[in-house]
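Participant: One line per chain: the protein sequences are B and U, in this order. In this text, residue positions in the first sequence follow our numbering: the first is 3, and each later residue adds one. In this text, residue positions in the second sequence follow our numbering: the first is -4, and each later residue adds one.
Heads up, none of these hints are tricks.
No farther apart than 30 Å at their CA atoms in a straight line, the calculated lysine-lysine pairs in the DSS-like style are these: (1) U:Lys249 with B:Lys96; (2) B:Lys470 with U:Lys232; (3) U:Lys132 with B:Lys100; (4) B:Lys11 with B:Lys327; (5) B:Lys586 with U:Lys474; (6) U:Lys232 with B:Lys476; (7) B:Lys13 with B:Lys335; (8) U:Lys215 with U:Lys198; (9) U:Lys132 with U:Lys16; (10) B:Lys356 with B:Lys583; (11) B:Lys335 with U:Lys215; (12) U:Lys132 with U:Lys209; (13) U:Lys474 with B:Lys366; (14) B:Lys94 with B:Lys24.
Just so you know, the hints here were simulated from the structure itself, not pulled from any lab data. Since the model is a prediction, treat every value here as computed from it, not as a measurement.
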Amino acid sequence: MKKKDFFHKIKNNIFVFQLVFKHAPRRVIFDLVNSAYSTIFFFLEHTYVYKFVIDCIQYDRPFRNVVYYIVSLFFGWLILNRGTDLYNTYFKEKDELKIVRAIQFDLYERAAKVDLIQYDNKEFFDDYVWNLNDVKGRFLGTYEAIITIVSATIGIILYGGFIISSDIFGIILISIVFIVQYLLNNKSNRINYQKIMDLRSLGRVRDYVKRVFYMQDYASELRMGNINLKFFDLNRKTTDDSIKITKKASKSLIIIEFISTYIMDNVAFDVIYILHLAYKSLILKVMSYGTIIALIRSQWNFTGSLNSLIYEASKLYQNSLYIDKYKEFLLIKSEIKSGEYKFNHEKIESIELKNVCFSYEENKPVLKNINMKINKNEKIAIVGHNGAGKTTLSNIILRLYDINSGEILINGKKIEAIDLESYKSCMSAMFQDYYLYAASVTENISLDIIANEISLANAILLSGFAEKLRMFEKGRNTQLTKEFDNDGVNLSGGEAQKIALARAIYRNSDIIIMDEPSSALDPIAEAHFNETIMKIAKDRIVLFISHRLSTAKIADKIFYVENGEIEEAGSHNELMLQNGKYAKMFNIQAIKYDVAALRSGT
Amino acid sequence: MKNKKDNKRILSIKNILYFMKLIFRFNPGLVIGNLFKSLLVDNLTWAVFTLFFTVRLFRMFEEEAPFKDIVGLVFVFALYFLVSSIFSSWFMQYYRPVKLEELNYKFLDMLLKKTLSVDISCYENKDFYDTYIAALKETESRAISILDCVCNLIGAFATAIFFMGVIVKLDFIFTIFIIIPVVFTYISQLIGVQLKYQYQQEKIPFERKMDYVKRMVLLKKYAKDIRTSNLLILFKKRYDEGYQGIGTVIDQYKHKLFVRNTITNIMGMPISFYAGWLYAAYKIMVVGSLQMSDYILIATAVVDARVRLQAFVDRSNELTEHGLYVQNFKNMMEYVPKINQNQEGLRPPVTPQYIMFKNVCFTYDGQTKPALKNINLKLPINSTIALFGHNGAGKTTLIKLIMRLYDVTEGEILLDGINIKDFNLKEYQKLISTVFQQPQLFAMTIKDNITMGNNLERNEEDIDCDIAEALNKSQLYHKISTLTDGINSIVTKEFNDSGVEFSGGEYQKLAITRAMFKNTPVIILDEPSSALDPIAEYEIYENIKELYIGKKNKIVVLISHRMSCALLADYVVFLEQGEILESGTHDELMNQNGKYKMIFEKQKSSYENERGLCE
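Pulled out of the complex, with its shape left as it was, chain U reads as follows (with noise of 0.2 Å):
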């Protein structure tokens, strides 16, 4: 047990100086300024008017020295502070905040950048999902904190050594009203730092519920709820659970803590103080070996010596705790990607012919139904490949695996006949271009929402040509048109009122344009047309099929529930619970009987009856 806290602390000791190292790499002045700052001008400037100053003035008092050589004593240690003073202005108002903001950034680029690499599976496993956030949203105080905490620890140190080291001087003893207490302080706080740490970690879920209701309470998309039902009632009811097992905590953890606090407190504070002063004022006023001016210097020592070294175990303590999140922080670090994203390896083919699965299985992370069963499928080069299936037949999970946002548990996916994972992944995921289910658009102009910071290189005309071109495709230039800056105008309203919204339609087909524009060998769509109307489906699809179907060397995969989109497609695969149960043309399944043509049919009789109407 006992071992076990050592390596804890051992380690935490370990984690501190790789984050130290860190913040050091990242910016030695600040480092070097911090610790300069701490360590001469806070701690020695008030041991030098302690020790210095005070007690040597009181020794001319008793020495009745004349009062200009007082004056000048004044004025030594005036000069002496206005260099520190000097130096701490200028640090702490100019050259610490702006060091600081630099610092930041590159903590936020570091881990944007680890962010990036780390496989998206991660996102569903809730433990390391909470670690990444909390590593990302602390890391700028928390830098901070451990830096000031380190220079702190090290200068309340040194100074605690010196004015040991003075009073040990005028008489050994006193070593004992220092020593003793600390030691007494520390030991009890090595034991407690383990209950607390308990005792914090047991309101977290609790504080989590608390939070949830927060956020539930703060974000517009719940809005609508909470005005037409009785949703914060039942919010209240969560908070209430939360704040109730809180409490529960309290009560559970209070007595121990009661007491274990009685303990080190009583045995920690006064026998210093008050048993030192006790022990001086006898060494003057019974024994008589020492002055007046040696009790100012004793009492005030005794008193700074205690104080130093209690800052000294509590910033121990405190970076015991800072240990276990960089702890988080080292973890997200050097998380090895199953999927490395700057993984080397073969240039693929401009135009690939083929796309197959051979036996391809996949489970996700946690999870022991596997998402797909073997999967045997090719993707042919001048064709459209349909997927349907229910909600949750594995679809999604397909497209995802041809991506290579996922590897596949077992079997192969081949590109030409060679291992997707054999090639550069960058230039592989160059291939593919997907409109996903949900699209993303992010706070930036119309432009980079399309290009996506991709053909950079290339000259800012052509780009615009392409965009508009795309947008003819999408739709969308019309109402692009009409904006003031065109596509230069900011999306949505984030950060700015005059930001663009778009509709779920025009989001989706915003979303189009990004494909057509990246106009890749290989197309993804994931129900591109779920959030349009009738009209714009229509429009949408028509150019599908104009631009990519069965033709320009493309090979696209197209998923909807409409039905419909099987008649766009070459080559129609109906899946059902991660396994496919019917492939072939339209019209081979159709002659089948099988279940593709029973929902077929029902989705096109809810049409049928009417056409003949008004035709």
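Chain B on its own, in the form it takes in the complex (with noise of 0.2 Å):
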């Protein structure tokens, strides 16, 4: 098990360095001959040059030898100086982005691909930020961690056989304090990430609290309540379980962090090693001044190549961990599978749900047992009150989520059989959240790079985002948001929802899905979009989700929704004259026009 796992390890450290290799050669190339030719030359200009002029001293050597060897250091270090500084300069930073983008966009291809209904699992969600927050750092991290441990084996192999070379004993010690220090290490990486992880949710807390105080969301809110002395108590409250956390990982930590300074660094090279070495000299003479001081040297560096090489490795298992969470989400199967079928110049007729039922998360179900057919050149209105399942029913037809039971069929095909790309091709939707993005107007409504002229001028006219287009100076191209553009304009809520609208239309398509279409907009405005929708509704399906009942009013087919099932089906006029729920909740909203009925208290 634990072989399987040291190879598991070694086998997604080798994954990412087989990555940034694919995307930047170059930065490989460099960091391997720059790690072994530094790490030698770092040998001879810092150890071994004590051994050569110390010899040189004791045995009377010419002083010419010392002018020589000093002289190649500096050539030496010449090289190695400007080299790095040339790539450093001129390459380093472009391959870091190239190698970053390259795994940014792969993430986002996936990310955009995963099932909606996995944003609401906790987990999978903070997997998931955590993936996408750092691929920097991560993943060149344990680039880099990499290229650190090959430097280290390099400085081990170097200076171990220079102390090998004249010094058995050396080994031995070395040897028996890195056994000791790795086990040591591994101890306290366990109780540090053990302490990383119960902090992390203590992490969340205070950037929740952050978050509300800097987001101009929340601003009103904090100033006209005292809410914010709740926010101070969490902070407070945060701060004292930090530390009650930290202080249980203090007591094992110091103590493995005083064996390790001391007795393991202190002890055993500065007291055992060295009384070695004085008695091999001065007891012995068998060795000479240089070699001693090359030696203390030595094992400095010896022991710092294998210091840097167990924190490294360390890291490895950090960094492996990271990587399988990488490959995970890379993996990620959608539950939601294209079929084969494809549309191919063929106009969506109808769409039929039969016994469908679903729901988010188990026995609670959203809707049940739905039946309803939708023909093309039909508005359909869903109404009910919020929480009936209304917008739910138009995430499963966009196939957003897939259903639990029952059937959707397309055309009379199943959904499942059709292809997805094909499918989606077919649908617009305008949400009840509509967002802008920081883009051009035209990008933000064909949320695409290109952008049909023709469809894009229709869709403006016809969202009625003309009049407000007209104000702008650069048209078009003018920036949405002040996010990178400071001449970009804010939209105010309504002109919003038109450019959401004006998304829809532009896309041209067989379905078009509306939630909620009207509920920023003014009186004139949503009269506008009764008469927009009329227009466009024909050859096609409308299908809008809308508690405003003046809206729904204009549809061929309402469906009144309640607790997730369908209560009632018809024209307007033939629930008026049913007199059933929808009769009811239009009148409501009717008599509020009726002065009369209203003063005397009705």
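Fit the two chains together into the complex; they arrive one by one in their own frames, and the hints show the way.
Facilitator: Set out below in structure tokens:
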């Protein structure tokens, strides 16, 4: 099991290495050459130089030798220093950007395909955010750890070789220390990892507190009440909890740190090893002074290399966990599978739902036994209370979620059998929560980099945005939001909704689904909106969800949904005659325009 | 130019001192402990080891001292290391992490409190907002970096001086090998900071584009758009704009940076090492004025002094950079809000009789077009005023002025004849409860979300009673009573999967519950029903009508698109482009045959015909 773990770790790290090599081979080659060269050079510059010079002094060799040695060092340095800087200033950053871009794009592609239902899963979301947030640090960190390991290994071979060539005892001592240090380090890593995990949820609380305070959305509420006091308390409480966790971990950590710095370093080397060398030199007289100082320095550097090897190797484990998550994320299987069947210039004629049931969580059905049939040229309204399941209904028709039982038939074909891309290209949706993006008006409507000019003009006109657009100097190229452009325009709620409407119209698709399309519109805009619906409904299916019944009224068919079930269905007139729940709802809305009724207190 | 840079440096030093004082005030133990560790444990131990221990050891070799003396020397040092190891293990693993948590707490607490005092208009100012977020986000990591940086700086400097002192005592010439390169490096890096800063600065807008894409892909709210369109391609394009932009910046700067580094490095590094070593070897081997053990002393001390001095220079450059951040932090902390949140003043009346706008004009910061022009309006007690108008007509701005989230640009707002600026701000705001257009829920208990921390001094049972009553009125009682934890359930799934989520309508109802619980003489309802279904809306309005309209000594301000609301109001104000276009009672306006009537008829007609049908 352990062995398997080990290989798995190695495999993950090799994976990163390969990935970096694939996207930036220059970087890998440079790093390998550089780490070998610099380690060797450092040995000659800061260790061997002592042996060389001191031996020259001890054995009265000519001064000239020293001059040659040091001058060669200078040239060696020149190559190293300028070479490294050349790479760093010219290529390093670009290579990094390239790598990060490639990885991020893979993640983004995947993220865009993950089933929506996963977003409701907290664990998934945490991992996801973790993944996307720190690609740069994690991937490059992992790669750099590997390079450091290479350097450290070269160092170990070099210094170890030098030590062995002069004195076997040193290597035995160092090896024992190494094993103990490795075990200690593993232990402290485990404790630290646990600590970080324990602190993570507290960190989230802190982040939340910060977010509440820095976001404009909350600013007014915070100022008008005393809820801020609760947040101050929360900060205090989070800190107390963090301190508790820190204290809990500290006891073992103190002991480990003490053993590893004092016993395994000071005592082992500064006492035992030095006494051993002194004995060899003074009593046995088998060692030159130059060798002693070079050995002391070699031991430092050998230990240094070992420590960095241990340290980086321990990071390999954490990095491997990260890579696992990354790979897992890329491999998440969509539950929503694309079918084979493609619509080739085929229009969607009908949508039929048969005994459809759906729930987000088990045992909490949101839709129960839905049966409905929608045909081309129909305007369908789905009405009902909040939480009745209206938006969910539109989500399953869009195939953002798959149903639990029953079937959805498009042109008589099962929705699962249809190619997903092909299906989605037949649909356009205007969501209840629409957002504007930091892009041009054109891009905000097409939600793409290219735009069909005619469709665009048509969408702008029909959505009623044309009027506003005329006020913009740069027209359709005007940037929305001030995110990147100080001349960017911030639209009001109603204007933004028109953009959202334009999006739906622009795609010229067979099915248009609109969720609360008119909620932010003022009366005139709403009337305009209703006219628009009439215009665009031709030759396609328009399905809109609304609780503004004045909008619903224009529909050919109305479905009244309650508690996930269709309670009533029919045209406005039919439902009014039926005098059921829909009629009641409509009357309540209408009555408010009846001055006499209202004043008499009905 | 030079002067300007000096000033910047001085400013930076001042900033760092300001920040260090703050850290010290928050946590003196941490500062002292950290300094002690850096100065004595980290740096001194090393100096003692290399200079006293190693050199002394080799001198003993040269003098062929007895082995037992060497053993004695080794044990004395072992004892010294014992003490320093014990201290540093305790400090690094216990004292420091615990104190750091405490330090973070204090910084966050201070920043949060400051945030609340800042004018709401600041949120619209992008520059301010950016600085502020930077200050808030980075404080934790900055605080510890700055503290470590200062301690390392002092430690490195002291050790460097120590090493230099030791070598210079042997031969004065060595000063040259150490000082000249450092001075040179220092000067060229001074110039370099500017270049590097420019370089980093130019990359920022591009980095922001890349970050934007990350944010968009990350958040759930954009997920549906991404899945139903080619938005991802658009995002990738945006990302690549940033990516290529950075590439261009790199190309612009790379030559300059490389040339600068070449000069700095060649002049800086090798002289001290190689020349110093050669000179020492020369003195021993040719002149014979120094001993072999002196070579070890000099060779190590030259390198170490140089390394420490370099560390000193690096740290001080790092501090200059930190200084820029502290400037942001300081700006934030020293910002004097236009509206002082702790403003003292008159106590407002318990039951105000009226609120009056007198020639009020208001323009948002940085905009030229006024949002409100010449508003004259009286909101008397026992009445409901409905504000109508298109999107962007100034309705929400008007109520924000009443709440004193902004102050008027011209004119005045009077409460019972007294300018509202003259009242104690917090007391004044306590008169008002508001249901915002987009109410926000907090990841706390339902109870906290309703009380909003108000009425903390009252006893729990009374509060619970009032909450129950308010919930009943807002029709939320049923939903909440079915929850296992009742009003103590946590709202949102932010921290906990068992958190309660509310639909849009319930959201609004909770906000209305809030207002009902607060039970104030002035009530502002900004589109309270926009997310509600007709029946819920009807119920809410029935409630509002029953609770507030025209009775109980209230002043009610109502904003809505829905003209039917007008029928609830005693007085209707129709706004257009920041001005009052029409105002009066509903009947008056209907008789005026103006724009109001036109819109009202339009909305009404969409219901009218059908009503006839079903009756």
